[in-house]
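Asks: Quick note on numbering: numbering that gives the first Met the number 0 labels position 32 of the sequence shown as 31, and the sequence is numbered without any gaps.
Just so you know, these hints were derived from the structure itself, not from any lab.
Any given hint could turn out to be false.
Said to hold, decoys possible - Simulated restraints, written as ranges between beta carbons of each label pair:
1) 53 to 14: 37 to 43 angstroms
2) 52 to 15: 32 to 38 angstroms
3) 53 to 15: 22 to 28 angstroms
4) 49 to 20: 32 to 38 angstroms
5) 16 to 53: 27 to 33 angstroms
Note that this is a predicted model, so its numbers are computed, not measured.
Beta carbons are placed, not taken as given, at the ideal position from N, Cα and C, and that holds for glycine.
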Amino acid sequence: MSNLSEQRHLDTVLDNNERTRCEVWTRVMGYHRPVAAFNIGKQGEFNERLHFDEREAG
0 MSNLSEQRHL DTVLDNNERT RCEVWTRVMG YHRPVAAFNI GKQGEFNERL HFDEREAG
């Protein structure tokens with residue numbers, strides 16, 4: 000057994016024919032919905048969201 004720091008980083012390589020679309024879901028108004036189901040305006044709002052670290056904000 001080796002330490003995690005001793006292990007080499009292994010890159011995963013996928014051919015384009017092995018890739019699949021990733022569906023992103025988010026919580027809106029108390030329930031989860033796929034972002035792809037949003038209208039154009041709501042998708043734009045989703046892309047403009049900012050993320051913050053609570054530890055730094057406090």
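Asks: The structure should be examined with respect to each hint, and the outcome stated for every one.
Replies: Status of the hints after comparison with the structure:
{"no.": "1", "hint": "53 to 14: 37 to 43 angstroms", "verdict": "holds, 40 angstroms"}
{"no.": "2", "hint": "52 to 15: 32 to 38 angstroms", "verdict": "holds, 35 angstroms"}
{"no.": "3", "hint": "53 to 15: 22 to 28 angstroms", "verdict": "violated, 39 angstroms"}
{"no.": "4", "hint": "49 to 20: 32 to 38 angstroms", "verdict": "violated, 25 angstroms"}
{"no.": "5", "hint": "16 to 53: 27 to 33 angstroms", "verdict": "violated, 41 angstroms"}
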